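Engineer: In case you want the letters, here they are:
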Amino acid sequence: NAGVTQTPKFQVLKTGQSMTLQCAQDMNHNSMYWYRQDPGMGLRLIYYSASEGTTDKGEVPNGYNVSRLNKREFSLRLESAAPSQTSVYFCASSDLRNQPQHFGDGTRLSIL
Amino acid sequence: DQQVKQNSPSLSVQEGRISILNCDYTNSMFDYFLWYKKYPAEGPTFLISISSIKDKNEDGRFTVFLNKSAKHLSLHIVPSQPGDSAVYFCAAMSDYKLSFGAGTTVTVRA
Numbered sequence: 001n002a003g004v005t006q007t008p009k010f011q012v013l014k015t016g017q018s019m020t021l022q023c024a025q026d027m028n029h030n031s032m033y034w035y036r037q038d039p040g041m042g043l044r045l046i047y048y049s050a051s052e053g054t055t056d057k058g059e060v061p062n063g064y065n066v067s068r069l070n071k072r073e074f075s076l077r078l079e080s081a082a083p084s085q086t087s088v089y090f091c092a093s094s095d096l097r098n099q100p101q102h103f104g105d106g107t108r109l110s111i112l
Numbered sequence: 001d002q003q004v005k006q007n008s009p010s011l012s013v014q015e016g017r018i019s020i021l022n023c024d025y026t027n028s029m030f031d032y033f034l035w036y037k038k039y040p041a042e043g044p045t046f047l048i049s050i051s052s053i054k055d056k057n058e059d060g061r062f063t064v065f066l067n068k069s070a071k072h073l074s075l076h077i078v079p080s081q082p083g084d085s086a087v088y089f090c091a092a093m094s095d096y097k098l099s100f101g102a103g104t105t106v107t108v109r110a
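Protein chains in written order, with the numbering used here: chain E, 1 to 112; chain R, 1 to 110.
Next up, chain R with everything else stripped away, as it sits in the complex:
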């Protein structure tokens, strides 16, 4: 049973516009949430995280929002750049262990 779900397998966005990636989870024991970015033939790279005691965390062009009551988090990328084209994984942590979503492939069009 998948505890972390990314329901959009792909997202296409024009360069300079906002990318919004969504993630839903079912386990209320998750207390730390992360987004990873992955290029082909490389390992996932940590992007941004948020603790369950917060509802927003911002780092440059990347902002993560957490809605605990809805068990939903989102990643906003503003403005989107060609180098942002990659697979983005949402992950949630409980007791050292990470559960991952299936990923969203983002394509930034020139």
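The following block holds chain E by itself, in its conformation from the complex:
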């Protein structure tokens, strides 16, 4: 009963390094999402994929790229990490429009 699985759980990077965050869901959901959460703020949408083969920008896409590898997997890439990207990253998935999104437990990313 895994739901949404994110790897890694923790990561420390140096400024300028690249990194890919992985996300996989086993609920056969069509839509997948990447959010970031910063202290004192709600989750903010980075990118989303409404269905396999499509991706769209969310509220804060700058500095990130995504790949919807297949229906199960949606990865988030930081090409050149910056300290402002220090955050907790959450992946989510949902079945249909106007259905709850189900979240993974997050990746805690620190960039020095």
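Treat the hints as calculated values from the structure; they're not laboratory data. Incorrect hints may appear among the rest.
Stated by the list, open to error - Restricting the straight-line Cα-Cα distance to at most 30 Å, the calculated cross-link-like pairs of lysine-lysine (DSBU-like) are:
hint: 1; chain 1: R; residue 1: Lys-5; chain 2: R; residue 2: Lys-71
hint: 2; chain 1: E; residue 1: Lys-9; chain 2: R; residue 2: Lys-97
hint: 3; chain 1: R; residue 1: Lys-5; chain 2: E; residue 2: Lys-57
hint: 4; chain 1: E; residue 1: Lys-57; chain 2: R; residue 2: Lys-97
hint: 5; chain 1: R; residue 1: Lys-5; chain 2: E; residue 2: Lys-9
hint: 6; chain 1: E; residue 1: Lys-57; chain 2: R; residue 2: Lys-68
hint: 7; chain 1: R; residue 1: Lys-97; chain 2: E; residue 2: Lys-71
hint: 8; chain 1: R; residue 1: Lys-71; chain 2: R; residue 2: Lys-54
hint: 9; chain 1: E; residue 1: Lys-57; chain 2: R; residue 2: Lys-71
hint: 10; chain 1: E; residue 1: Lys-71; chain 2: E; residue 2: Lys-57
Just so we're clear, the structure is a prediction, and the values are computed from it rather than from any experiment.
Start from chain E and add chain R according to the hints.
Structural biologist: Coordinates of chain R only, in the frame set by chain E:
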């Protein structure tokens, strides 16, 4: 510009009493509203939702009220239990995308 606002960062309530959490939104295109609960070091967990065509939805101890004219929704938890201590996020959906409030930390006192 934050489209979903939770103006109370924290709420302390005695066990057995009612917890009322409030949320305001500005975007009239939102058509689906949700509440999530979050424990430390875990992802948000879906709690309850309401469609914009309804004004109330109830699930056990949790009730969500929607006032579209005021662009306001609230979550009632009755009775509050120690396990309800967590951060609660209000969220609103438009065209697949969720916008979140900053969260309210609820502490249930014994």
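Engineer: Which numbered hints does this structure break?
Structural biologist: none
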